[in-house]
Amino acid sequence: MRSTRMTPEPLLALRGLSVTLGRGAGETRALEDVSLTLAAAARLGLVGESGAGKSQLALAIAGLGGPAARVSGSIRFEGAELVGAPEPRLRRVRGARIGMVFQDPGSALAPHLTIGTQLAEVLVAHGRARGAAARAAALAMLERVRVPDPAARLGQYPHELSGGLRQRVLIAMALIAGPSLLVADEPTTALDATVEAGILELFREAGSAGTALLLVSHDLAVVAGVCEEIAVLYAGRLVERGPVRAVLATPRHPYTAGLAAARLALDTPLEAPLVAIPGQPPGRGARPAGCAYAARCPRSLPRCAHEVPPLEAAGARAVACFAPLGAGERP
Amino acid sequence: MLRYVLGRLAGAVPTLFAVVTLAFLLVRLAPGGPFDQEQPLAPEVRANLDRLYGLDRPLAEQYLRYLGGLARGDLGPSLRLRDFTVRQLIATGLPVSLTLGGLALALAVGLGVPLGVLAARRRRGLADRALLFVAVLGLAIPAYVTAPVLALVFGVHLHWLPVAGWEPGRPADLVLPVLALALPTLAYLVRLVRASVLEVEHELHVRTAVAKGLAPAAVLVRHVLPPALSPVLGYLGPAAAGILTGSLVVETVFGLPGMGRFLVQGALNRDYTLVMGKVIVYAVLVIGLNLVVDVLQALIDPRLRHPERP
Amino acid sequence: MRLGGGARLGLAVLALVAALALFGPAASPWRVDALDWQHLAVPPGLEAGHWLGTDRLGRDLWVRTLAGVRVSLAIALLATLVSLVLGVGYGAIAGYAGGRTDALMMRAVDVLYSLPYVFFVILLTVVLGRAPTTVFLAIGAVGWLTMARVVRGETRRLRSREFVEAAVAAGVPPGVVLARHVVPNLLGPVLVYATLTVPSLIVLESFLSFLGLGVAEPAASLGNLLAQGAQEMETAPWMLVVPGAFLVAIVLALGALGEGLRDALDPHDA
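Heads up: the protein sequence lines correspond to chains S, W and L, in order.
When we follow the working numbering, the leftmost residue of the first sequence carries the number 23, and every step to the right adds one.
When we follow the working numbering, the leftmost residue of the second sequence carries the number 141, and every step to the right adds one.
When we follow the working numbering, the leftmost residue of the third sequence carries the number 0, and every step to the right adds one.
Hints are not guaranteed to be accurate.
With the Cβ distance kept under 8 Å, some of the chain S side facing chain W (calculated, not the full set) [claimed, not checked]:
1) Leu86
2) Arg114
3) Gly117
4) Ala147
5) Leu183
6) Cys319
The hints are simulated quantities; they were obtained by calculation from the structure and are not laboratory data.
The beta carbon of each residue, even a glycine, is placed where N, CA and C say it ideally should be.
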C-alpha cells in the first residue's frame, strides 16, 4: 500500500472512468468505472478481447472519442483534469504532451500531404518551430525512428511507403513534440510479424528516453515484450492489473488465466490441443448485473451473477474477483 | 506532374475526334435535310443548293472536307441563316453565354461550397436542415419556373431590375439570369459538399490530425477540405460546361442572344453546320474542363498521378 | 435496415401521390382533354366541380395534374430503369474487366458525355417523333452514363475484396462472379443513386416539355403543365402552383427517401 506521504502525483490517473456510446435505445457502455494509474516513463499494456473497451479508453484519454462517446469520471494528466476540459486546453495537450499512434498506418496518415508536411505540422500547431527549423526537426525525428533515407522521405506521400515505414512515420509524428505519454492503439496489428519486432523496439526506446507508454493490444506476447505492467479489461471493466511477469506467470483472475492459457507458447508441443475460453463475451448492449465473466467462468459463485466484484489491491497487484486463483492454481 | 498533364492532353485529342465523328454521323443519319420546307423547293433549286454546300457529294467526302475546314478553324456557313457563317453566330453567342455562365458559376461555387461546409459542421442542426430543405427546393424547381418568377417579382412588380433584354454595358441585365442559372448548381453543390465533408470527417487521418493538436480551422482547411473537394470538382467539370455554354431556358426566358439560341431550331431544321459547330464548342469545353478537373484532382491526391500503379 | 423518420415520411408521401395519380382522375367527372367553356381559368374551389381550378381552355387541373404526375412518374421510373439496366451492365463489365477493356469502355462514355444531351433528345425526337416513349428513351440514354460511372467505380472497389478474389481463385467463371458476387453488392449504392436520380429526371422531362420536345398537348405531364403555368402565372397563378406543389412534394419525398436509404446503408453513419 502506498502511503499518503509526499509521493508525487502519477503522470496519468484514471478514476472511475466510464464511456457511454450512442443515445436512447442504442445506448451502450463501452467502459465502466475504470481506475488506473501510470507513472512517468512507465510502460503499461492494456489487453482484452475486441469490444472490451481498450480502444475507447485510449481515445478517451486524449478526448478523441468524438461526439458519440460521453465520458464520465476523472482523467488527471500531469496534474490537471482532462474530462470536461475546454477544447483549446485539450488541443495544447494533444500532440504536444500526449502522442497517439493508431492501428492502421495506411489510413491514419493524410493521403494528400507529404510526410515532411505532416510531421512539421505538429511543431507548427504547438508553436515550437516553423519553416526550415520544423523540417530539420522532422528529418531528425525520422532518423530517430530509423526510417531509411529520411531526407528523401520528407517529400514523399504515404502511399509511396510500406506499411512498416508508415507506422514508423506515425510514431515519429507522435513523438516529435516530445510528449510525456505515448498512447498506442494496436500499433502492430496491421503489420507483418517481421516488421512488428522493429516497431516494438521503438516503443522500448521511447520508454527509456523518458516517455511513458500506454500500449493497447489484444496480443499478450506484444505486451509481455514491451511493457512492465499489464492491465486486463473484460467487457468494459478492469479485472486485473500488476507487473507483467507476475500476472502472466500466476494470473489471479480466471479470465486472465484463460487468456494466458490460450496463448500459444513456443514450447507447446504441436499435438497439444489449442485452448480456447468457451463461450463469448457479452455484447456491449447486454451486460449482466454481476460479474460479466460469470457465465463463462469455471469458478463462478452464486453472488457473481448479481454482484460486481470490486478491484481489490494486494501489493503491486489487483484483481476484481470473488474467487481469485491462488499461486500456481489452475482455473 | 508535367508528364501527367501531357498524357491527359494527348488522351483528349482522340476523344474530341470521336465526338466530332459521332456528332457528324448522328446529324446526317436523322431523316430529312436542311432544305426540306413546308413549300417544297423546285428540284433544280434544291440541286443547286445541295451543290453549293457540297451536300451532293458522298458522305465520306463531306466528312473529310468538314474535318479539313475544322483543322483551319472554319466551321462553314450556316445552312439556314445564310447570311452568317457558323463562326460568326458562335462568336456573337459565346461571349454572352460565357459572361453569364462564368458569373453564375462563380456565384454557385462561392456560395455553395461554404454553405455546404456550414451544413456539415452544423449537422442535424437548424442551419443544416434549413439549408438542405432550400437545396432540395432549388433542385426541384426547374429554371423555367424560377426564371419567370424572378422576372415577375423583381422586374414587373418591384421594378428593381430589367425583366429581359441584353445590352452591352448594362450589368443590371445580368442579375436575374445569373441568379436563375446559378440556383440549381448552387443547390446541388450544397448537398454534395455537405455529404463529402461528412464522409471525409469520418476518415481516420482526420482523427490523427485532431490527435496532433491541430486547431479546428487547420483540421478543416488542411485535412478535410482537400480530399472532400475532389468529388466536388468531378461534378463541377461537366456542370461548368453546361453552365458556360448557356442554359437554353434562361436564355429563352430572358431573351438573351447566347449559345442556346438557334440550337434547338438548328437541330430541328437540320442546319448541319450550325449544330455541329455548337456541339463542337460544347464538347471542347467539356473535354477541356474535365482535363482541368483531372489535373486539379491529381494536385490534391498524389495517388492519382500514377494511374497505372495501383 | 432501419429507415429514419424523414425517409418513412417520404415513403408515405410517395405512396399517397401515387395513389392519387392512379385513382384521383376517376373521382372527377372531367376528362383530361375535356373543355369546359363555362369555366375558363377558374381558381380552385368547390362550386364548379373543378377542385383545383381550370386552365385557359377550361380543362380541369385536378385531372390534368394527376394525369401529369402519372405520366411524369412513369417516364422518370422507366428512364431510371433503362439507365439502371444499361448503366449497371456496362459499368460492372468495365469495372470488372479492368485494364484496356475498362479504359476503352470508359473512353466511350466520355465521348457520349461530351455531347450536349439536348442534341441527343432532338435527334431522337426527329427519328421517333414526339411521344412519351421518346422522352423516356432519351432521358434514359443520357442517365445511364452517370450510372455506368458510379457502378464502375463501385465494381473496381469490390473487385479487390476478398470474397470476390476467393470466388475467382476457386475457378468460378467471370460471368457468374459478376452476377452472384458483384452485382448483388452493387445494389445498395445503385439504389441510393437511383432514388436521387428520379427527381432530376422528372425535372429533365419537364424541361424537355418546356422546350417543346417532351410530352405533347393535349396529353399532360408535370413539365408541360408547369411550362403553361409559368406563362400564365400573373393572371392564373394556380396553374403554376398546383403542378409545382406536386413536383416539389415528389422531389422532396424522393430526396428524403434517398438520404434515408444512404444513412441506413452507410455503416459509419451512426
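Against the structure, the hints come out as follows:
no., hint, in the structure
1, Leu86, "6 Å, holds"
2, Arg114, "7 Å, holds"
3, Gly117, "3 Å, holds"
4, Ala147, "5 Å, holds"
5, Leu183, "12 Å, violated"
6, Cys319, "36 Å, violated"
Consistency with the previously given hints fails for numbers 5, 6, ordered from lowest to highest.
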